[in-house]
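For the record, in the sequence shown the residue sitting at position 305 is 645 according to the numbering used here, with numbers rising by one throughout.
Calculated from the structure, these hints are not laboratory results. A couple of the hints might just be wrong.
Unchecked claim - Taking lysine to any residue pairs in the SDA-like style, the calculated list, with each CA pair at most 25 Å apart, reads:
1. Lys407 - Leu389
2. Lys641 - Ser485
3. Lys476 - Leu363
4. Lys479 - Leu460
5. Lys588 - Glu575
6. Lys641 - His579
7. Lys476 - Leu357
8. Lys638 - Glu571
9. Lys476 - Met456
10. Lys349 - Lys441
11. Lys479 - Ser635
12. Lys638 - Glu484
13. Lys441 - Phe561
14. Lys631 - Leu610
15. Lys641 - Asp592
16. Lys588 - Ile644
17. Lys588 - Val642
18. Lys476 - Ile400
19. Lys350 - Leu423
20. Lys350 - Lys441
21. Lys641 - Leu347
22. Lys479 - Phe491
23. Lys479 - Leu502
24. Lys641 - Glu575
25. Lys595 - Thr643
26. Lys641 - Leu363
27. Lys415 - Leu404
28. Lys588 - Ala489
Claimed, not checked - Here are the computed distance ranges between Cβ atoms for each label pair:
29. Asp650 - Phe491: 52 to 58 Å
30. Leu348 - Lys415: 18 to 24 Å
31. Ala408 - Thr572: 22 to 28 Å
32. Pro615 - Lys415: 27 to 33 Å
33. Phe492 - His582: 54 to 60 Å
Nothing here was measured: the structure is a model prediction, and the numbers come from that model. All C-beta atoms in this analysis are idealised placements derived from N, C-alpha and C, irrespective of residue type, glycine included.
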Amino acid sequence: MSNVWSLLKKGNKPSLLAALVNLFLGVLKGVAFFFTGNIAMFAEMMHSLGDSANQFFVFIGSALSKKAPTRQFPKGFGRVVNLVCLGAVLIVGILSYETIKEGWHQITHPAPSNGMWISLSVLAIGIILEGVVLMKAAKEILHESNESATFFSALPKAFTHLNRAKPATKLVFMEDLVATSGGVLALVAVIIAHFTGFLQAEGIASILIGLMMFYVVGVIFLENARGVIGETDEEMLNHIAHLLWEDKNVRDIQKLEVVKEGEFLHVEVLAEIDPSLTFAEVDDIRDHLMKILLSQTKVSKVTIAFDEDDGITNWNHIDDHPNNMK
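When you get a sec, could you build the whole thing from the sequences and use the hints?
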């Protein structure tokens, strides 16, 4: 049991916070829908409950992905978080369909709703809380990217560094971005329906919210499918190639792989060195390179092997303008 708790402590904190906030909002919006019959509120209820469920699973998956390798699974459990994210987006996909279906029903058979101020109050609370979680996720993205920002610049900078975020953090950010904008959309729809009598506005808002949810499903599904297969981090590969070339003992690089394993990177290197070096000198070179590579962001495992220099430089997968990834 102590091992389980120690693993859970390592889980993605933004996803746990988002799960709890969305559970509270889902219940609150469900109560509001029961009293008002507002279809836009129904869409927001489904969205919040769906987000809560999959963000909780993502938290569990991110914790399990940090489990140490075992004899049966020597490469570790890093890709568990990708598998969990794939399962999580399926839940969102199902709820997206239900949201769009109810929105279409409201458009084709518009029905009035009651308790406008109840709906507006609940939606306003949801927008504020979702916005707080969104900002928390944005700051976590910047932290994972070794970047800093002010309160007002955190959100736009998070978009810039979104591809460098951990899968769980990226999922939370995108879901809460949709949730916050969906809340605003639902709030506007309620006001339009009440003051203009255009009841279809709530159905239109519900469909738009469902479509935004489907967008998140598509993006996260494709990204985590690549993660399950094992995707190369091209930016970090280029950076590590430069680090290797900076070492005067490295004459050529026969092989370099930088593969995403969940939230971390595994690096495998086969470099050519001077064949006249002693075993002790080669061991010192290996220790030096291991120390440098393991200090890089998200790199958790490094395998280095050497071969004798054949006098021919084969490595050409390198950019002339490397990024500072430290």
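For each hint, the structure was consulted:
1. Lys407 - Leu389: 28 Å, violated
2. Lys641 - Ser485: At roughly 19 Å apart (the allowed maximum being 25 Å), Ser485 and Lys641 satisfy the hint.
3. Lys476 - Leu363: 17 Å, holds
4. Lys479 - Leu460: 28 Å, violated
5. Lys588 - Glu575: 23 Å, holds
6. Lys641 - His579: 16 Å, holds
7. Lys476 - Leu357: 9 Å, holds
8. Lys638 - Glu571: Between Lys638 and Glu571 the Cα gap is close to 14 Å, so the pair holds against 25 Å.
9. Lys476 - Met456: 30 Å, violated
10. Lys349 - Lys441: 39 Å, violated
11. Lys479 - Ser635: Roughly 22 Å separates the two Cα atoms, so the pair holds.
12. Lys638 - Glu484: 9 Å, holds
13. Lys441 - Phe561: Roughly 22 Å separates the two Cα atoms, so the pair holds.
14. Lys631 - Leu610: 16 Å, holds
15. Lys641 - Asp592: 21 Å, holds
16. Lys588 - Ile644: Given that 25 Å is the threshold and the Cα spacing comes to 16 Å, the pair holds.
17. Lys588 - Val642: Cα-Cα ~20 Å, so holds.
18. Lys476 - Ile400: 19 Å, holds
19. Lys350 - Leu423: 18 Å, holds
20. Lys350 - Lys441: Not OK: Lys350 and Lys441 at ~39 Å, beyond 25 Å, violated.
21. Lys641 - Leu347: 19 Å, holds
22. Lys479 - Phe491: With a Cα-Cα distance of about 9 Å, the restraint between Lys479 and Phe491 holds, given a limit of 25 Å.
23. Lys479 - Leu502: 11 Å, holds
24. Lys641 - Glu575: This hinted pair holds, its Cα atoms lying about 17 Å apart.
25. Lys595 - Thr643: 11 Å, holds
26. Lys641 - Leu363: 37 Å, violated
27. Lys415 - Leu404: 14 Å, holds
28. Lys588 - Ala489: 37 Å, violated
29. Asp650 - Phe491: 52 to 58 Å: 55 Å, holds
30. Leu348 - Lys415: 18 to 24 Å: 22 Å, holds
31. Ala408 - Thr572: 22 to 28 Å: 24 Å Cβ-Cβ, so the 22 to 28 Å window holds.
32. Pro615 - Lys415: 27 to 33 Å: 32 Å, holds
33. Phe492 - His582: 54 to 60 Å: Distance hint for Phe492, His582 is violated at roughly 34 Å.
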